[in-house]
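Number of protein chains: 2
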Amino acid sequence: MAHPPTLKQLRYLCAVAEQKHFGNAAKLCNISQSTLSAAITELEENLGVSLIERSNKRVLLTPTGEQITDLSHTILSEVDDLMAVCKASQEPFSGSMRLGVIPTIAPFLLPKLLNRLRKQHPKFRLFIKEDLSKNLVDSLHKGELDVLCLALPYPVEGAESCHLFYDEFLLAYQNNKQMDALESVGTKDLRGQELLLLEDGHCLREHALEACKLRTSDISIPYQATSLNTIVQMVANDIGMTLLPKMSIDAKILSGTKIKTKPFIEKRVRRAIGLTWRKKNPRREEFQQLATFIQDFYL
Amino acid sequence: MAHPPTLKQLRYLCAVAEQKHFGNAAKLCNISQSTLSAAITELEENLGVSLIERSNKRVLLTPTGEQITDLSHTILSEVDDLMAVCKASQEPFSGSMRLGVIPTIAPFLLPKLLNRLRKQHPKFRLFIKEDLSKNLVDSLHKGELDVLCLALPYPVEGAESCHLFYDEFLLAYQNNKQMDALESVGTKDLRGQELLLLEDGHCLREHALEACKLRTSDISIPYQATSLNTIVQMVANDIGMTLLPKMSIDAKILSGTKIKTKPFIEKRVRRAIGLTWRKKNPRREEFQQLATFIQDFYL
DNA sequence: GATGTGCCATCGAAAAAACCGATTGTCAAA
DNA sequence: TTTGACAATCGGTTTTTTCGATGGCACATC
Numbered sequence: 001m002a003h004p005p006t007l008k009q010l011r012y013l014c015a016v017a018e019q020k021h022f023g024n025a026a027k028l029c030n031i032s033q034s035t036l037s038a039a040i041t042e043l044e045e046n047l048g049v050s051l052i053e054r055s056n057k058r059v060l061l062t063p064t065g066e067q068i069t070d071l072s073h074t075i076l077s078e079v080d081d082l083m084a085v086c087k088a089s090q091e092p093f094s095g096s097m098r099l100g101v102i103p104t105i106a107p108f109l110l111p112k113l114l115n116r117l118r119k120q121h122p123k124f125r126l127f128i129k130e131d132l133s134k135n136l137v138d139s140l141h142k143g144e145l146d147v148l149c150l151a152l153p154y155p156v157e158g159a160e161s162c163h164l165f166y167d168e169f170l171l172a173y174q175n176n177k178q179m180d181a182l183e184s185v186g187t188k189d190l191r192g193q194e195l196l197l198l199e200d201g202h203c204l205r206e207h208a209l210e211a212c213k214l215r216t217s218d219i220s221i222p223y224q225a226t227s228l229n230t231i232v233q234m235v236a237n238d239i240g241m242t243l244l245p246k247m248s249i250d251a252k253i254l255s256g257t258k259i260k261t262k263p264f265i266e267k268r269v270r271r272a273i274g275l276t277w278r279k280k281n282p283r284r285e286e287f288q289q290l291a292t293f294i295q296d297f298y299l
Numbered sequence: 001m002a003h004p005p006t007l008k009q010l011r012y013l014c015a016v017a018e019q020k021h022f023g024n025a026a027k028l029c030n031i032s033q034s035t036l037s038a039a040i041t042e043l044e045e046n047l048g049v050s051l052i053e054r055s056n057k058r059v060l061l062t063p064t065g066e067q068i069t070d071l072s073h074t075i076l077s078e079v080d081d082l083m084a085v086c087k088a089s090q091e092p093f094s095g096s097m098r099l100g101v102i103p104t105i106a107p108f109l110l111p112k113l114l115n116r117l118r119k120q121h122p123k124f125r126l127f128i129k130e131d132l133s134k135n136l137v138d139s140l141h142k143g144e145l146d147v148l149c150l151a152l153p154y155p156v157e158g159a160e161s162c163h164l165f166y167d168e169f170l171l172a173y174q175n176n177k178q179m180d181a182l183e184s185v186g187t188k189d190l191r192g193q194e195l196l197l198l199e200d201g202h203c204l205r206e207h208a209l210e211a212c213k214l215r216t217s218d219i220s221i222p223y224q225a226t227s228l229n230t231i232v233q234m235v236a237n238d239i240g241m242t243l244l245p246k247m248s249i250d251a252k253i254l255s256g257t258k259i260k261t262k263p264f265i266e267k268r269v270r271r272a273i274g275l276t277w278r279k280k281n282p283r284r285e286e287f288q289q290l291a292t293f294i295q296d297f298y299l
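Residue numbers (my numbering), protein chains in the order written: chain A, 1 to 299; chain B, 1 to 299.
If you are wondering where the hints come from, they were derived from the structure by calculation, not from laboratory data.
Source: prediction; values computed, not measured.
For glycine and all other residues, C-beta sits at the position ideal for the given N, C-alpha and C.
Cβ-to-Cβ under 10 Å is the rule here; a few derived chain B residues that face chain A:
1. ALA2
2. PRO5
3. THR6
4. LEU10
5. LEU47
6. GLY48
7. VAL49
8. SER72
9. THR74
10. VAL79
11. ASP80
12. MET83
13. VAL85
14. LYS87
15. SER89
From just these sequences and the hints, can you work out the full model?
And the structure:
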């Protein structure tokens, strides 16, 4: 009695909690249903609590069961981290990692990154999730992702970041005599203008305005697009002008269009790109190595 | 290959890391030396890294070994928490808990608390450590303590607190015509006076001064004592006056002396007493129950 | 340089456990 | 009432764990 649980038991518990079905959970764990059933029973005996309510029609968790399942998840993911640390220490870039990237970075950074990783570190498995910063941060906290590539600053509780590089904003337009006439463009020239921007939720929106020291009230925003490519198409059809991050231009987002770009005369009209991870995550070293790898080809 | 470690293996690893000696570590784990040796070897094979450098003269950890030992410690303590949650859920106040208490609270709260706990919850095992706030917080973070009883506010990273009760400060002196003459004492009357206070490191010092809206420069501190009892002895020998928390007076710290006390006319000349624990600790419910238990007899 | 001592690794056997397939028991739907 | 779906239980087999004994190594002692 009062035996500590084994990791195996905790894994089985999580499987049952997920499947709500002993047979399916057993398959998931590659064991027989009888073994699973016995294991759960033993776990409950050892812990002295009932975790799962079984009826032959449905399986559900007791309140304590929910709580223990949550704890088991964090314990198991820490064990995973432990193994990842070992793998990385025996050979860097040989394990796997789950990276979240925002939509205004992903298409411009990933092709090159994944390509180089495959060539230089073929053993390294990088899983990518592309989503808005907010959702990525949620996934990070849930333990579904290990590290995020975000535009910083972005507030993430209990997290640690490292800077990768700066990404300048350029003014992009097609036909605009007013802009053509200007020797050089300053952010002040944007006041009162119409700007095509991404819809709410994309941090690029706020970062671009902030970098230009603009408030929403300083400009008018006629349309909110869901992707930079859409915006580029609109600019190419002379619907308005916009701010584009340099990395998107480097990635040839403008190819096939007659869109002109102008840098701003001010310095630091830019966003910062960085990596972010849970402060508690023991794989910090690997993240730093990944950061260096990105900088090596991006800078 | 690439088998996940078992909790048993992690426990054994921690034991070896602690003892730096296979034989002793084996005794600690109640297993034979051969079993321990084999287990560590297997762990290293499964993880694919060398964790321990063995020579027949001394055992020491590789850098990765250090890292993995740290991770193992946190994992194991989370498993302990998991078991504690189960124990508490099958019957409140039936497990064990490690409580840190500061020296200006411990002697006045613990006798009553421990006594009542023993009577009402005989199965509950409360381990006490008495130390300065700073050291308790260190122990909390290291996982050596589960919960602290502190005077709040006290900054603790990644922690959560709950308020227990307020503890008034009273002026304590023996012979002092100036104070006798006053109808009522205000904190302003302390300016320029000599006050006996605890030495640096005791948060009572800062909390008392702050409650009286005094700075160190507003008064003179002729002597710094190591305990409230020392201060009381000094006051009883007419060396000066001091500020005493009401809970110490309730606990009869003045018995056998002729020391007089006067409350301040201002309200809120007091410190707040509360419980603090790691935000991540899943035993929050138990801590809240303990808080309620304390309030039930203290309020 | 022989001997002893302390230490960890290894070996083989015995004990313990984990696991499986088959079966049973239970409940609800048909 | 029968059937079907599901989890629990049983008995036997395989795998794992554990132990005591032994081996081998490095150092200290004489």
